[in-house]
Amino acid sequence: MFRTILRRELQETLSSSTLLFAVVVLTILVLLSAYIQARYYRRVVEDYSLRQNIHQVENSGRAIVLIRPLPPLLPFFNGAYDSLPDEFRLQSDSVITNPLSGDLTPLDWLFPKVDLSFIIGVLMTLLTILLAHDTIVVDREQGTLKLILSGPVQRRTVLAAKLTGVILLMTIILVYVVLLYTAVVKVFSGGTVDLSVANLSALAVSSLAALLVFVVIAALGVAISISVRSPLVSLSLCATIWMVTVLIWPSLGPHIASSFKTVSTWEAAQRDISLKERELIQAELAEQKKTAADLKAQNVGVESAWRQYLELRRRWMERRNVEIGRLVEERKRQIRDQQFFARRILAFSPYVAFKETLGSLCGTGLESHDEFLAAVERYGQQEFLPASFDLLSRQKPWLNGAKPDDRVQLRPLQTPPPALSERLAAAAWPLSVLIAEIIILLMVGIIGFERYDVR
Amino acid sequence: MTDDPNNLSKSLSARQSATAQGAPRTWLIAKKEIMANIRNFKMPVALVAMTLLLLLSTRLLALDYRHRLDNWSVNQASQRDPVIGSNVKYDLSDGDFFHRAGIGRNPPIQRPQPFSALIKGMDGEVDRTVSVSQRIVFGARQDEPATSALFDTPDTSFVIKLLVSLFALMFSLDTMTREKEVGTLRAMLAQPIRRRDLILYKSLGASISLLAPFAIAYAGEIIYLRLAHGLLSSREDLIRAALIFGLGALYGVVFVHIGIFISAITTRTKTAVTTALLTWAAIVLVLPNATVLMAKLLTPAPSYNQLNARLYEARQRILQEGDEANPATRPAPEQPVSGRTLLRLFEVERQLTDNYLASKKDQNSLAKLFAALSPAGALTFGLSDLAGTGVGAHTSYLELFRSGRDTLLDALKRRLDLPPQTGDKLVQEAREMIATGQRRAEPLGVSLRSSVIPIASLFAWAAIFGLAAHWRFKRYDVR
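If you read the sequences in order, they're chains A and B.
Under our numbering, the first sequence is numbered contiguously, ending at residue 455.
Under our numbering, the second sequence is numbered contiguously, ending at residue 479.
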């Protein structure tokens with residue numbers, strides 16, 4: 001019986017023009033956006049090696065620039081990658097890590113980037129709603145539900161068959177979309193996209209997450225289909241919920257979060273840091289002046305003075321590290337609080353959960369960015385500053401002659417891409433939200449259908 | 001859901017005897033549509049939903065604007081901070097060395113537009129420091145934490161784009177199909193009414209049902225912005241706000257016509273709703289994005305990183321050429337290069353930067369042109385143009401830096417031929433002019449001119465779908 005209902009369900013959907021229309025639109029959009037993303041990625045990769053070469057020449061003991069490694073799955077999911085800086089400069093006389101420069105991307109303010117996450121998360125969820133909203137209610141209206149239930153079949157089986165029908169179709173379309181997208185990206189990226197086993201498996205897991213989203217939406221459609229009496233009402237209700245959870249709430253949520261959990265403005269934070277820095281620099285200059293005068297009075301030799309100077313300088317660097325680090329940390333805490341709040345209030349939207357999962361899996365989310373920034377700061381403290389100080393201490397600036405070599409030998413910044421299990425662990429929260437939603441909606445569906453009045 | 005059909009026929013025939021031909025009778029159709037929409041709660045729902053969302057969106061965006069304004073004013077104040085820099089000389093009997101320390105100040109940022117509390121448009125782009133000297137250096141955007149970077153900005157444009165279109169469809173979709181299902185369409189057409197008039201007044205009824213709640217909600221939003229945030233207080237601002245409403249209303253009418261057209265090509269309300277939802281998604285979500293993608297494809301712009309790489313290459317090349325030309329004058333790389341070489345370098349850098357900016361401008365213009373192919377794309381560009389936060393405003397923002405840099409380059413060039421003191425004074429003046437240069441709000445006339453294409457596009461779409469609906473309805477089988 002399960003199979004019969006499923007077959008009938010599939011046949012009905014396959015013969016409708018909705019599906020055909022949707023598949024045509026999806027195909028056009030996938031071709032277009034995958035092509036653009038592939039070309040864009042190619043350009044980004046070219047940029048990357050160019051930048052690396054330049055920085056390698058320009059890096060010195062005074063300042064180095066670190067570039068964020070390219071996420072290999074960037075053409076599939078842009079995430080926050082473009083809107084966040086990816087180059088940071090470390091300076092030997094400063095403890096703050098600031099981004100260098102930013103591209104002008106005015107069009108992105110008006111239109112979101114179209115990538116796989118938009119196609120799956122917005123368009124395909126709408127298709128799921130269109131397929132799932134009338135599963136039960138249409139049969140009731142036409143009277144076929146009575147007929148089906150008069151046979152030797154459990155209500156649960158009917159529900160399962162109907163749900164499977166929708167999910168099966170969406171799975172087929174998903175596989176088609178992902179394969180088509182991957183093929184186009186592979187062909188047009190000129191070999192820059194690395195489809196290694198690790199990346200392919202991340203892509204496969206992303207597709208599974210997409211499937212979870214479809215199950216949530218399908219279960220929602222079925223649950224609503226059971227609780228109303230007319231297909232039209234069911235469609236209106238489903239479309240409203242889809243619109244709120246997929247389009248409106250994800251846009252409003254972050255702004256609501258920032259109005260509740262305020263963060264000081266960037267310039268205000270800079271002003272505080274700069275005030276502190278000025279104060280410390282003045283104090284250090286005063287002490288240096290005094291020391292210089294003392295040493296001169298004591299008639300100390302230049303080598304011994306240099307050693308004392310270095311010691312003084314190291315002490316002041318440490319003090320700046322501590323005092324300015326405190327200010328930087330305070331603002332970071334505010335930002336973390338705000339992001340945490342935003343994630344909590346956005347959590348119930350399956351689209352947001354999907355994007356978060358993709359961000360963790362593809363390394364283009366906010367968290368991956370924060371991790372890189374933390375790695376840069378660690379690198380500055382543990383690698384660059386000691387090496388640059390070491391370089392300074394080996395110099396003998398009082399000797400006239402050729403300018404000392406200020407090239408610093410550094411161990412490169414290692415940020416190996418996290419293993420799939422680590423990425424999955426990072427995505428545990430959004431994934432568990434999706435699973436919880438599925439369970440709740442299925443329960444509502446099952447209980448509702450058991451008590452459903454088929455007349 | 002609909003009004004009692006008998007009532008309508010009765011009143012129609014009553015009016016027919018009372019009045020001669022024309023408007024009063026057909027006006028009844030529009031009136032009946034509006035009354036039906038009020039009674040079946042569609043209009044109240046639209047009113048509540050639009051009011052809530054517009055108020056919420058404008059509150060969030062007004063806070064966002066204030067945050068950005070604070071950021072800007074702190075930056076403005078810090079421009080007066082002194083630059084500290086000093087040397088301490090360790091002067092000892094057998095040698096000497098220096099301790100150097102200093103701190104500069106952040107480059108200036110530009111003031112955000114007050115209208116970005118209503119329509120943010122491209123105004124978020126200005127939240128960055130831009131240092132202008134011989135070169136223009138764009139800093140990274142300062143809008144962290146970037147949780148919002150993943151999703152659309154929820155401004156009034158966003159709400160109009162989604163809600164007005166959807167409610168327009170809701171009011172217009174069942175105009176034909178439902179009357180046909182209930183049978184009132186036949187009754188109505190049995191009266192001496194032309195189909196053209198019928199569809200005209202149905203469209204009028206649906207448009208009024210849509211625009212009345214939209215107008216109330218929008219007025220509420222503007223009043224809120226004025227009272228609670230002190231924004232949009234001048235007369236020009238109000239004209240702008242009215243124009244924004246006009247464009248939103250026109251967009252709504254386009255969708256009313258689309259809805260009537262769908263209603264005229266389908267026979268069942270259920271089919272009409274499904275078709276409408278798919279059409280809506282295609283027009284609002286897919287088409288604008290696809291056209292902008294096409295524009296990006298046709299006008300590839302180099303990235304800022306590529307520009308920097310090219311600048312670097314050019315710098316190395318020119319310095320090397322300068323070395324080769326007069327090897328005696330530059331024994332070590334850290335010694336200053338000659339003024340002429342520097343000017344040549346600046347000139348090459350100027351060209352490269354200008355090409356980069358021009359390619360961005362071309363991309364924007366083409367995207368705007370292509371976006372006019374879809375009502376939602378035209379709306380997005382049109383609204384931001386009218387608010388002075390669109391492509392035109394962004395272009396003049398970039399133009400400000402260009403002209404600042406050109407003034408400085410010109411002063412540097414002239415300095416070479418002038419006595420040192422006069423030359424330095426000239427350069428100093430140019431630098432001060434750049435430091436205090438803030439962009440002005442775009443004049444209303446310019447905003448209006450730049451929004452001609454989107455407005456024309458929306459008019460065209462309204463006409464096309466109106467005519468298509470009329471043409472289809474003439475052949476509509478009312479049985």
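Because the hints were derived from the structure by calculation, they are not lab data.
Glycine included, C-beta positions come from ideal geometry on N, C-alpha and C.
Hints may contain errors.
What the hints assert, rightly or not - Chain B is faced by these chain A residues, among others (derived, beta-carbon under 10 Å):
| hint | residue |
| --- | --- |
| 1 | Trp109 |
| 2 | Val122 |
| 3 | Ser259 |
Said to hold, decoys possible - Have a look at the derived ranges for each label pair, beta carbon to beta carbon:
| hint | chain 1 | residue 1 | chain 2 | residue 2 | range |
| --- | --- | --- | --- | --- | --- |
| 4 | B | Pro443 | A | Glu141 | 17 to 27 Å |
| 5 | B | Asn40 | A | Ser259 | 33 to 43 Å |
| 6 | A | Trp398 | B | Glu324 | 31 to 41 Å |
| 7 | B | Arg315 | A | Arg62 | 39 to 49 Å |
| 8 | A | Glu279 | B | Gln428 | 24 to 34 Å |
| 9 | B | Val478 | A | Ser201 | 52 to 62 Å |
| 10 | B | Thr271 | A | Gln11 | 13 to 23 Å |
| 11 | B | Lys474 | A | Ser201 | 35 to 45 Å |
| 12 | A | Glu141 | B | Gly183 | 47 to 57 Å |
| 13 | A | Glu12 | B | Leu373 | 26 to 36 Å |
| 14 | B | Thr271 | A | Val175 | 38 to 48 Å |
| 15 | B | Asp94 | A | Glu279 | 28 to 38 Å |
| 16 | B | Gly104 | A | Arg307 | 25 to 35 Å |
| 17 | B | Ser131 | A | Pro386 | 23 to 33 Å |
Stated by the list, open to error - Facing chain A, according to a computed beta carbon distance under 8 Å, are these residues of chain B, among others:
| hint | residue |
| --- | --- |
| 18 | Val88 |
| 19 | Met122 |
| 20 | Gln134 |
| 21 | Phe138 |
| 22 | Phe158 |
| 23 | Gly220 |
| 24 | Tyr304 |
| 25 | Asn305 |
Hints versus structure:
1. Trp109: holds, 5 Å
2. Val122: For valine 122 of chain A, the interface hint holds, since the closest Cβ of chain B sits about 6 Å away, which is under 10 Å.
3. Ser259: Because about 5 Å separates serine 259 of chain A from the closest Cβ in chain B, which is inside the 10 Å limit, the hint holds.
4. B:Pro443 to A:Glu141: 17 to 27 Å: violated, 59 Å
5. B:Asn40 to A:Ser259: 33 to 43 Å: Given about 36 Å between the Cβ atoms, the range holds.
6. A:Trp398 to B:Glu324: 31 to 41 Å: holds, 34 Å
7. B:Arg315 to A:Arg62: 39 to 49 Å: Once the Cβ atoms are compared, 19 Å apart, the range 39 to 49 Å for arginine 62 of chain A and arginine 315 of chain B is violated.
8. A:Glu279 to B:Gln428: 24 to 34 Å: Since glutamate 279 of chain A and glutamine 428 of chain B have Cβ atoms about 29 Å apart, the given range 24 to 34 Å holds.
9. B:Val478 to A:Ser201: 52 to 62 Å: Between valine 478 of chain B and serine 201 of chain A, where Cβ atoms are some 59 Å apart, the hint holds.
10. B:Thr271 to A:Gln11: 13 to 23 Å: About 18 Å separates the Cβ atoms of threonine 271 of chain B and glutamine 11 of chain A, which means 13 to 23 Å holds.
11. B:Lys474 to A:Ser201: 35 to 45 Å: Between lysine 474 of chain B and serine 201 of chain A, where Cβ atoms are some 59 Å apart, the hint is violated.
12. A:Glu141 to B:Gly183: 47 to 57 Å: violated, 19 Å
13. A:Glu12 to B:Leu373: 26 to 36 Å: Holds: the Cβ-Cβ distance is about 35 Å, inside 26 to 36 Å.
14. B:Thr271 to A:Val175: 38 to 48 Å: violated, 29 Å
15. B:Asp94 to A:Glu279: 28 to 38 Å: holds, 34 Å
16. B:Gly104 to A:Arg307: 25 to 35 Å: holds, 30 Å
17. B:Ser131 to A:Pro386: 23 to 33 Å: Since serine 131 of chain B and proline 386 of chain A have Cβ atoms about 31 Å apart, the given range 23 to 33 Å holds.
18. Val88: Interface hint status for valine 88 of chain B: holds (4 Å vs cutoff 8 Å).
19. Met122: This interface hint holds because 4 Å falls under the 8 Å limit.
20. Gln134: violated, 16 Å
21. Phe138: holds, 6 Å
22. Phe158: holds, 6 Å
23. Gly220: Glycine 220 of chain B check fails; min Cβ-Cβ to chain A is 18 Å, beyond 8 Å.
24. Tyr304: holds, 4 Å
25. Asn305: holds, 4 Å
The structure shown violates the earlier hints numbered 4, 7, 11, 12, 14, 20 and 23.
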